[in-house]
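K.L.:
Each chain, letter by letter, is given below.
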Amino acid sequence: MDSSPASVIDSVVLSADRPSRWSGLLRSFYEAPFVPLLILVLLVLTAVGADWLAPHDPTIGNLRARYLPPVWEERGSSEYLLGTDHMGRDVLSRLIHGSRISLVVATAAVLLAGVIGTTLGILSGFRGGWIDQVVMRLTDAWMALPTISFAILLAALLRPSEWNLVVILAAVYWTRYARVIRGEVLSLKERDFVRLAIVAGCSRTRIMGTHILPNIANSAIVMATLQFGVVIIAEATLSFLGVGVAPPQPAWGLMLFEGKSGLMTGFWWLSIFPGVCIMLVVLAANLLGDWFRVWSDPQLRQL
Amino acid sequence: MTELLLDIRNLQMHLFSNRGMRVVKAVDGVSFTLSEGETMGIVGESGSGKTMTSLSILRLLPTAGRIVGGEMRFAGEDLLAKSDKEMQHIRGSQIAMILQDPMMSLNPLFTIGEQIAEPLRVHRHMRGASLFERLKELLHGVRIPSPEVRLREYPHQMSGGMRQRIVGAIGISCEPRLLIADEPTTSLDVTIQAQYLQLLKDIQQRAGLAMLFITHDIGIVAKMCDYVAVMYAGKLVERAPMRALFRQPKHPYTEALLRAVPRINTPTDRLWSIEGQPPDLADIPPGCPFSPRCPVAEERCRRDAPPEVQVGPKHYARCWLQEGS
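Quick note, the sequences are listed as chains W and R, same order. Its first residue numbered 1, the first sequence is counted upward by one per residue in our numbering. Its first residue numbered 1, the second sequence is counted upward by one per residue in our numbering.
Mixed in with the good hints there might be a few duds.
[Unchecked claim] Think about it this way: if two alpha-carbon atoms lie no more than 25 Å apart in a straight line, the pair counts; the simulated SDA-like pairs of lysine to any residue are:
| id | chain 1 | residue 1 | chain 2 | residue 2 |
| --- | --- | --- | --- | --- |
| 1 | R | Lys85 | W | Arg191 |
| 2 | W | Lys189 | R | Glu71 |
| 3 | W | Lys189 | R | Asp84 |
| 4 | W | Lys189 | R | Ser187 |
| 5 | W | Lys189 | R | Leu188 |
| 6 | R | Lys82 | W | Arg195 |
| 7 | R | Lys82 | W | Thr205 |
| 8 | R | Lys85 | W | Phe126 |
| 9 | W | Lys189 | R | Thr186 |
| 10 | R | Lys25 | R | Leu188 |
| 11 | W | Lys189 | R | His89 |
| 12 | R | Lys85 | R | Glu71 |
Derived by calculation from the structure, the hints in this document are not laboratory data.
With the hints as constraints, model all of the structure from the sequences given.
P.N.:
See the structure below:
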């Protein structure tokens, strides 16, 4: 190999002359953690293809096959791989169909809460003054309300349906975003690059959109991944209390709570499997959120 | 005769805190003029109102601040009569500013190119190839090698001196007529400082822009400025052409300030300093604000505020002792 100084310099110059910014971003995207991504992709595929994947109807049970354990247990049947519940419904099919509701409701609720909370947080932090006072006193009051009772109250006002559940969960959980984001914005707006933007004649809307928002996106996304778990659990609680997903419909949280009594009587599979599903998804969301935080920061990304 | 660009008369900006009970006279009767191609240095201690004066020119006041009197004309137009929208357009395109800490002035999430492009997009509506050409030209102008590569880099990939030149490039991107530099070199080491000052001077001469240079380093003033204004407790106590001020300071404060600068060719044991403290801006003593610390103060200095008197060609001082001389 030629290792003259000139060729070394050439290679340095060549490596400095990257083809484009986007290819760099794309390359670092390949470094996404494999397992969490796999879990989420599988979950989405399951939710989409639930009708074809589920071996049984999730809402109609076989009463002669009640409380069958998973296939590897003594009385297990290969027809019901993860066992059946008190109405003889196939747990696996219910899990597969339940992924739809859990995924859609949790994602939509987290997004909606995130959008509301982030918008109010930015407005409150950046504009300050009476807007700040109004938003913050509102969140104070909101946070003083007991979460679940408040959700039940809202649920009693609205009809129980999946989309109303989304609205309820978002209405309950937006305050955390608003709080955290406002705090971040308060410190961000004192940073010199925001001042420079003001001095350079950018409008307030532009500054909020192009300088503040990208800089708080990190926190918002990390918050969202953490909230994802909380929201799934909350959805479960509401469903259990009869104000969320209506009972014949399968939802993980609902299954978890329906199987609760089974834990004491030896029917562990009724609540363990939905519990494991929830745990895996929450874990995947958190890991992915953490990776995204690093990925979206140019300094940590090490381009 | 060059065109008069900035004409400030008796500008007063007060800060109202504690529901108007406490009035801080941050800028109290500042007057000066600046023509195209000239550099005016504003010197003074911390808290003497230098930065507040420059922010007042841009009409970017702290929430408690209000301009309560005076006139500001920029290129013949009344800045105080402009709407907020019009001011927004003037900022960055007509009057640009370089902030105190250029190291922190860049958004860590965007490439250098995007950040220099922002004012051009906002004010000039530039897009695409012409924008890119302009960006390269600007980086070339602030002597940053291989602009194509640099434009795609992030702030953390650059050295302090380079980031600062980027901030300079942002400042001049829309070819402003007035550049306000608020202590642009305080966060840099001296060698880089010298380079940067030279660069600013070059840019200024090339573009013929007027510059307002705010600093507490009197050495920088000597190097950079055509005119000097000295501020004390929100008041402009003396303004003069640079040489006149250094040779014959007329105000006792200026004199004291110059004496406090250590000289390289005279051996000194102790550094000389001005006795006492600057006054609380919410509670300025009657008369001349410097009178409590002034070695030559008379009875009337403590009683009545001195007027601004002309003491030489383009040389004004706000001192009773200069009256009638």
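K.L.:
Sort out which numbered hints this structure fails and list those numbers smallest first.
P.N.:
Those not satisfied are hints 2, 10.
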